Every structure is written in C-alpha cells, then in structure tokens.
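One line per chain: the protein sequences are A and B, in this order. FYI, in this note's numbering the residues of the first sequence are 1 to 155. FYI, in this note's numbering the residues of the second sequence are 1 to 705.
Some hints could be false.
[Unchecked claim] Derived DSSO-like pairs (lysine-lysine); straight-line CA-CA distance at most 30 Å:
# : chain 1 : residue 1 : chain 2 : residue 2
1 : B       : 310       : B       : 695
2 : B       : 310       : B       : 425
3 : A       : 13        : B       : 235
4 : B       : 266       : A       : 13
5 : B       : 133       : B       : 154
6 : B       : 212       : A       : 13
7 : B       : 452       : B       : 225
[Stated by the list, open to error] Incomplete in silico selection of chain A near chain B, CB under 8 Å:
#  : residue
8  : 18
9  : 21
10 : 22
11 : 25
12 : 35
13 : 40
14 : 74
15 : 98
16 : 99
17 : 100
18 : 103
19 : 106
20 : 132
21 : 134
22 : 136
23 : 138
What the hints contain is simulated information worked out from the structure, not anything from laboratory work. Small disclaimer: the values here were computed from a predicted structure and weren't measured. Where a beta carbon is used, it is the ideal one built from N, C-alpha and C, also for glycine.
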Amino acid sequence: MPNITLRVNGSEKSVDVSPDTPLLWVLRDSLQLTGTKFGCGVGLCGACSVHLNGTLTHSCTTRVSDAAGKNITTIEGLGANGLHPLQQAWIAEDVPQCGYCQSGQIMAAAALLAKTPHPSDSDIADFMSANICRCGTYDRIRRAIRRVVSAGGAK
Amino acid sequence: MTPISRRAFLKTTAASGAGLMIAFHLPSSAHAEATDAFSPNAYLSIDPAGKIRIVVARTEMGQGVRTSLPMILAEELEADWKQVTIEQAGASTLFGDQTTGGSASVRTTWDPMRKAGAQAREMLISAAAQEWKVPRDTCKAGNSTVVHSASGRKLSYGALATKAGKLPVPDNPPLKSEGYKIVGQRLPRLDTPAKVDGSAIYGIDFRVADMKYAALARCPVFGGKVSSFDDARAKQSPGVSFVGKVGDSAVAVVADSTWNALQGRKALTIAWDEGPNKDLNSTEIFESLRNADETKAVKFFSAGDVASAKGRKVEGTYQLPFMAHAPMEPGNCVAHFRGSECEVWAPTQVPQDCRDTIAPLLGLKPEQVKVNVTLLGGGFGRRLEHDYAVEAALVSKLINAPVKVVWTREDDMRNSTYRPVSLHKLSATLGDDGWPTAFTHRIIAPSINGQKGSQPVNGVDADFPDEASFIYPIPNVTLDYVMTQSAVPLGWMRSVYALQMGFASESFIDELAAAAGKDPLEYRLHLLAKDTEIKYFDATWRTDRLRNVLKLVAEKAGWSKPLPAGRYRGIACFGCFSTYAADVVEISMENGQPQVHRVVAVMDCGRVVNPNILEQQIHGAVIFGLANALRAQITIDKGRVVQGNFDDYQPIRMNEAPEVEAYFVPSTEPPTGAGEPPVPPLAPAICNAIYAATKKRIRALPILT
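With the hints as extra help, turn the sequences into a complete structure.
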C-alpha cells in the first residue's frame, strides 16, 4: 500500500492506508485522534468536521489522498496555545450534554468566525445548520458563539 | 435469594491507606420484590490527602449524572466541591439495579445518596471530637473540615479519614431540610472540559492493544436469517482477516480498521431467509391497530361511571408512528474474550444486563464477564438494549482477540428498537355548560415490555404507571388498553408511552375547549381548580402542582397578551415520571407548515439539584420533542425499515430550533424525573397552535408528511 504523509495539527504523520480511505477513519483509527467523530458517514451531520487549509470539511467524505499536502486541523489542534476562544466559551456556557457532536460544532463555529467575525443570528443559524445535535444544545451553542463575537472575536 | 430487610444495609471497610471507604446498598422501593432487592447508589472514599472520590453507578449519556449525583452526596457530606472527583462504575454486584432510564437517576438515588453523605459526615465529626476529647455536639463540619469553634481547632477530612474509618456507621444520620449549599446551585458540569477539547472517550473511541475492527451484515428483514453466504470477495478485501456467521442472522467481517471492515462487508454476498415478515408494511400495521379486538381492552384507570354521563358527545382518534432514537454515536462496543473471562467496554445504559446476557452466550458465568461503562454519545433509551455488546463479545470469541464492533448510521436506523406505533380513541361527554362530565381514552398499541417477555402489570404494559397519567379530576373517567402484537422490534424511547398518551390526551382536551367555546388555558385551569389527589397505580398526582405549572407557563409566555399578526399560540401539559410539565409554543404558518418560533417550557420536578443541568434537559427535550412532532417517522416496507440516514430521518437543526425559555416551579418536594417529562407536552402544544392558526386539527404524527 502507498505511504501517505499528512500534516495534522502542525505535525507530519505517515500512514499506510489505501488512498480512498476517508480521512475520518485515518484520523480515528490510524492516528488515534478520536475527537473527530463518526455520525452519518455521508456528510449529513457534521460530527466529523475538520479544517483543511482552514476550510471546513467533512472528513467522512474526504479521501485521505485529497488531504495529503494540506494543513489538517482537528479539534485536538484547534487552539494554537491552549484552548481556542470558542472552546473557552463552550465551557463558560456549559454547552455539551452528551458532547458527541460538539467537536464538529466547535470546528464549524471556528470556520464561521474565521470568515464572518460578526455573524448575525441568521448567519449563525444558516452556517451551523450543517451540524446536528440530537441532545438539542442549539440554544447554548448560539450563546457561546455570541459570547465570542461580543468579546471581540476568535482571533 | 433470601429477601433482605428494607432497612439500609451498609458496610464499612477501613482499607489500609485508603482512608474512609463506605459502600452502601439500599433496597429499591420500585422493585422490592425483585431478587436484586438492594439498590446501591454510590461509593465514597476520602483519602488522607483529602481527595474525595464519588463513584457514579449510573451511566452518563448527556443528562449530567456525573455531576448531579455526586452533588447530592457532597451536600450532606459537607464537602468542598472542588475536592470531589468522579469515577464511573461498571457492572457490579456492589450496586443494585444500575439501569439508567425512566428519568430515575436523581429521584431514586436522592435519599440513599444523602444518607451516605450524612453517615460519612457524622463519622468524621466523631473522629474529630475523639481526637480533641470534646463533646461531638461542639464540633461542626463544613467545607471538608471539622471545626471546634470554642477552641478554634480544625481538622481536614483528609486528616480525619483513617480515624473515621474505624468508627461505627450511624444508622440514621440527620439529614438536611434546609441550608443547602451545593444542591440547588448552578454548578458547571464536571464533564464539560473533556467534551470541548476532543479528549472525552466514548465507546466508539475506546481501544485496546492489538484490537481488530468488525462490521456486521444483519438480515434487513425483521426475524430473517442467513441462508448462505459467499465470503470469497470479502476475504480478498484489504485488511480483512476473518469472515464468519454470528448467531443466525448476521455475518461479521473483521479487519485491521473500521473502514476496511466496512469495505469488506460490502464485498459479501449473502442469501437471506427473509422469514415470516418479508411482506410486512406500515399500511398493514396501522390496519391491524384499527382492526384490533377491542373486547380485550383492559381498564387501567377509572373514576365514576362513564356510561352514566349525559350530554353532547365529542370523539377524536389519534395515531402515532414508529420512531427511532438515532443517538449521534452509532452502536459500538469493544470486547476482549480471554478464554475463561471476557472484558467489555460498552456505551450502555444497562451494564448488568450486558453482563448477564453475554455470559451464557460465551459459556461463562456472570462474574467472569467484566463490563466497563464508557461515555455515551446519546442514549434516549436506545442503549437500554444490549445487542451491540453481545455482537462484540461473540465476535471476540470467534477470533480469539479483542475487537471493536462499529455500526453505521444505516445499521442504527434499520436495526433499532422502535417507539411503538399507537392508535388512540378518545371520547368525552360535555354538559350544557361545556365542561366534561365523562372522558375515555383507549390506547391500542403493542407492548414494549410484553414483546421483551415481561409480564403485564394489572393487564397493561409495565411502563404505564410512570407514563400514562391522567390528572384532570373529571367525575367519570375510563382509561383502557388494547395490547396488540408487533413483528417490529420495540424499544423505550425518551418519555416512552407518555409521548403517545400526552399527544392524544392534550390534543383532545384542546378539542373539548374548542367545542365548548372556551380558552384552552382557562379550560384546563377550570378542570384543575379544586385541590385533588389522584391515585394512579402507586403514584399520587396533585391537581395543584399541575395547575401551578400551567399558571407559570402562561405567565412567562404572556398567554393573555395579544400576539403579532400571523403568530399563534398553543398550550399543553402532562405528568409523567412523577413530574409535571407544560409548554406554550408560538408558531406561524409558512406555506401551510408550522414554524415554531418560541417555546416556553415549565416543569415541577420537586427540588432542583442543579438548575444548569435541568435547563439543558428542558432545552434538549424541546428539540427532541420537536423532531418527534414534525418529522420523526420510521416506516416499514417489505419487512424492512425504509429510512436509513439523516436525509430521510431528519433531526432538528439550528435553523429550525426555536428560542427555548426554561423555568421550574420552586419546590422543596423530593426530586422527581427530569429527562423525559418535558418531552410529551411539545407535540400537542404545537398541534393546538396549528388549530388556533387554521382551525384544522392534527390527529396523526408526524405533522409534516
């Protein structure tokens, strides 16, 4: 099998997997970065969201070979120095219930604020609707995002 | 097994170096006759360094038990909350029934947890009094320290732990009735930090050395079996190391990664014996409810004589579909069979059931099976089943190696245990003044517990006492049940039968208000106006508590204030799991479909242990209830589930999520259920708002078809 080199959270990692393996399973099974979750496998729920060169991406529908050569950021590497402001806001608002979807929610929110530092409520709702939370934490997700925005943004 | 006295049994072990350790076992009031007559609730140790460890013997699935249960114990312990750490118990013989369900975790552990904390506190005070040679009533505990105020001396719990461990355990330590310092506080959840940085380990994240990965192909038709299979291509698939039959109805593919196991599964060719249900479909299933033999109806609640009532008759029939829990984390489990023992790491609500089911299948005794409980990525009742754990154990034995079984979303949707379909026939007799003099509600539905082999309780499903309440003291009432059979596997889904009962009952009460030309809030308040206690199985429902919930929800929602043009309100209330709940929803109609803008939700669940977590439960119940009301529907065709993923079984997303305002009635009553009770009022409140908007009555869920 070909050897694929990935740049994950700033580090080079080599993996022996077939090139059409979804990035999700390489992160989870090969690199043991299990913060990125499997929810639907077809890009419908957002639990597997990561950033590829800063762009929000469903890792469950991204071939690992297409991620090679790009900067892959997962929940474990989102905060460059400690927790990202959104992660801090998630703690301040006590957002998670079961918590399973929250990595994806935070990765999505980070992508939103990187592109739109001052989103309106409908910007937030539109963008975040790519992600499903079955526990129904939407109210607190909204609050956590607004908290970061009103504190001056994610940077 | 010899029945043991209901008196609390408590044993103390002063293990060397471990300080004070108290394991406590209390009888379950709900299952006093059951063989496992003890219902233990926690396990406490305080080490000489002052670290307080509280073992949580229930499962954390998002409802906050890893925070709320320790708070109850820590309160009576007079602990410094910052010193508390949590440990998750797996399946144990030290703890009674560890099932996490029925909105029972706080309500059934409230007394034993308080008592356990109080016993430890009393022993620590005694230890300090002995150390100082002063009367113990001159010593006081607080903030993990015992203080003798006359002399200004103080000793920490850590310093007292070893000595306290040698003292006798008081049988009846005093409990607080006021002055709570931890209980009632809006404390942050202890599990949040790990859930925002990716470090929290769920079942699907767990791994052991040299672990394999397995995917199973299961018969798509309920009750079908594997007839034959060809594994030649699967075995050629990358990374695949084993293919084999598991039980009668599945084939497992084992590989070196999840993806390779899934690819190997795709390469299987299986001939299925589809069995007796291969032509089953939803139309036929609903037909069978309509054609059920109603002479077999079993009355489970009655007052007066409904036949004696004279006046205008109103009737309504309601219907609900199968629904699936669809927790975000699909089914999975890690198991390691090691010949004479098996260890399992399961995201389960029923660790003991997993242990007791797996053991005989592997030829082991229950004590040879160790079940560890992981975090759950949602439960909602789906993980009250043990199927994923059994699969992992069987595959591990087949390959003689540790293995993780992973289900896909489609596996979850199509091999679940579903909220039962139901048909509801309601009738009422209204007097000249519009008030009902008689009310009947007949539920026709298959029995979840019956299908699983549990005996009916007084002729009805054993869940009814918690879920099928009727709190309006109308003079003549009959509630009865026609039990039907189902080839579709049934399961307990958040709020269980209370969803069906609440939808039918609260929609119909709204119909009666409309027929009487009265305001739906005023109509309900009038029916509840007199303080009445209603005995219902073992429970007592109180009209004043439901009335207060309705009044508070109306006040917070501004029920009497006019709405902007195009906005409409609906109201509903229901009692289940000993808790009272009510919703007011505000909707508009967009292209003939309801859009829910605002939900005001109120609950009376007794004393609130942690308002922060309770608010989460109410928010979550509203979103869960909204999906149930609008879209959640599992349909059957050719003996198979039609839906497969989140495109044809769509949960609520943020763009549909209303603003939710959660309130609770301040109470000093003991805590009651919280996770499920806020679910049932939502669907009828929406349907009642749709009626307000359109004069059209929704009589079947889902609303959107």
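Checked hints:
{"no.": "1", "hint": "B:310 - B:695", "verdict": "27 Å, holds"}
{"no.": "2", "hint": "B:310 - B:425", "verdict": "19 Å, holds"}
{"no.": "3", "hint": "A:13 - B:235", "verdict": "29 Å, holds"}
{"no.": "4", "hint": "B:266 - A:13", "verdict": "29 Å, holds"}
{"no.": "5", "hint": "B:133 - B:154", "verdict": "13 Å, holds"}
{"no.": "6", "hint": "B:212 - A:13", "verdict": "22 Å, holds"}
{"no.": "7", "hint": "B:452 - B:225", "verdict": "20 Å, holds"}
{"no.": "8", "hint": "18", "verdict": "6 Å, holds"}
{"no.": "9", "hint": "21", "verdict": "5 Å, holds"}
{"no.": "10", "hint": "22", "verdict": "6 Å, holds"}
{"no.": "11", "hint": "25", "verdict": "4 Å, holds"}
{"no.": "12", "hint": "35", "verdict": "2 Å, holds"}
{"no.": "13", "hint": "40", "verdict": "5 Å, holds"}
{"no.": "14", "hint": "74", "verdict": "7 Å, holds"}
{"no.": "15", "hint": "98", "verdict": "3 Å, holds"}
{"no.": "16", "hint": "99", "verdict": "3 Å, holds"}
{"no.": "17", "hint": "100", "verdict": "3 Å, holds"}
{"no.": "18", "hint": "103", "verdict": "5 Å, holds"}
{"no.": "19", "hint": "106", "verdict": "6 Å, holds"}
{"no.": "20", "hint": "132", "verdict": "5 Å, holds"}
{"no.": "21", "hint": "134", "verdict": "5 Å, holds"}
{"no.": "22", "hint": "136", "verdict": "3 Å, holds"}
{"no.": "23", "hint": "138", "verdict": "4 Å, holds"}
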